[in-house]
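Undergrad: Note that this note's numbering has the sequence shown beginning at 9, numbered continuously upward.
Simulated from the structure, these hints should not be mistaken for lab results.
Take these hints with a grain of salt, some might be off.
What the hints assert, rightly or not - The calculated SDA-like cross-link candidates involving lysine to any residue, where the alpha carbons are at most 25 Å apart (straight line), are:
1. K42 - R31
2. K42 - D28
3. K42 - R10
4. K42 - L61
5. K42 - V23
6. K42 - S32
7. K42 - L54
8. K42 - A59
9. K42 - M9
10. K42 - V58
11. K42 - F52
12. K42 - P66
13. K42 - L19
14. K42 - A55
15. K42 - Y24
16. K42 - V27
17. K42 - A63
18. K42 - I62
19. K42 - P53
20. K42 - V30
21. K42 - L17
22. K42 - L12
23. K42 - I13
24. K42 - R67
25. K42 - A11
26. K42 - L26
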Amino acid sequence: MRALIIPALVLAFTVYCLVDVVRSDDSDVRGLPKLVWVLLVLLFPLAGGVAWLIAGRPRRSRLPGTGRLGRPAPRVLGPDDDPDFLRGLDRGAQDPPEEPGDRRDGDAGDPGGPAPGGRR
9 MRALIIPALV
19 LAFTVYCLVD
29 VVRSDDSDVR
39 GLPKLVWVLL
49 VLLFPLAGGV
59 AWLIAGRPRR
69 SRLPGTGRLG
79 RPAPRVLGPD
89 DDPDFLRGLD
99 RGAQDPPEEP
109 GDRRDGDAGD
119 PGGPAPGGRR
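With these hints in hand, go ahead and build the complete structure from the sequences.
TA: Spelled out as structure tokens, the structure:
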């Protein structure tokens, strides 16, 4: 059973490195083309994986406010900062919702006339 631990660790390391190579953007991979890194990791599991982690893997940005690989992190907007949401509010203010008693559809009756019950 103990004889399987080291091969299992090597296999796990190789799979990790292979997945990392495949998921990296082609333009961000350093040193060699991505296909060459895949072949190195597969043909030389330990040496290829270590070489990938040291020399081929894209540099990760450590700057605050940046996402993966130094790209700006997507900015999450609250509803009060979203221009589309605010435009929708402006439209709603221009077109007030109809009240149940509104007679805009041409029904008979004078909207300026006395309210039911004789009060205004």
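Undergrad: The structure should be examined with respect to each hint, and the outcome stated for every one.
TA: Hint by hint, here is what the structure shows:
no. : hint      : result
1   : K42 - R31 : 10 Å, holds
2   : K42 - D28 : 11 Å, holds
3   : K42 - R10 : 35 Å, violated
4   : K42 - L61 : 13 Å, holds
5   : K42 - V23 : 15 Å, holds
6   : K42 - S32 : 8 Å, holds
7   : K42 - L54 : 18 Å, holds
8   : K42 - A59 : 13 Å, holds
9   : K42 - M9  : 36 Å, violated
10  : K42 - V58 : 15 Å, holds
11  : K42 - F52 : 15 Å, holds
12  : K42 - P66 : 11 Å, holds
13  : K42 - L19 : 20 Å, holds
14  : K42 - A55 : 16 Å, holds
15  : K42 - Y24 : 15 Å, holds
16  : K42 - V27 : 12 Å, holds
17  : K42 - A63 : 12 Å, holds
18  : K42 - I62 : 15 Å, holds
19  : K42 - P53 : 16 Å, holds
20  : K42 - V30 : 8 Å, holds
21  : K42 - L17 : 24 Å, holds
22  : K42 - L12 : 31 Å, violated
23  : K42 - I13 : 30 Å, violated
24  : K42 - R67 : 15 Å, holds
25  : K42 - A11 : 33 Å, violated
26  : K42 - L26 : 10 Å, holds
Of the hints listed earlier, those the structure fails to meet are numbers 3, 9, 22, 23, 25, in rising order.
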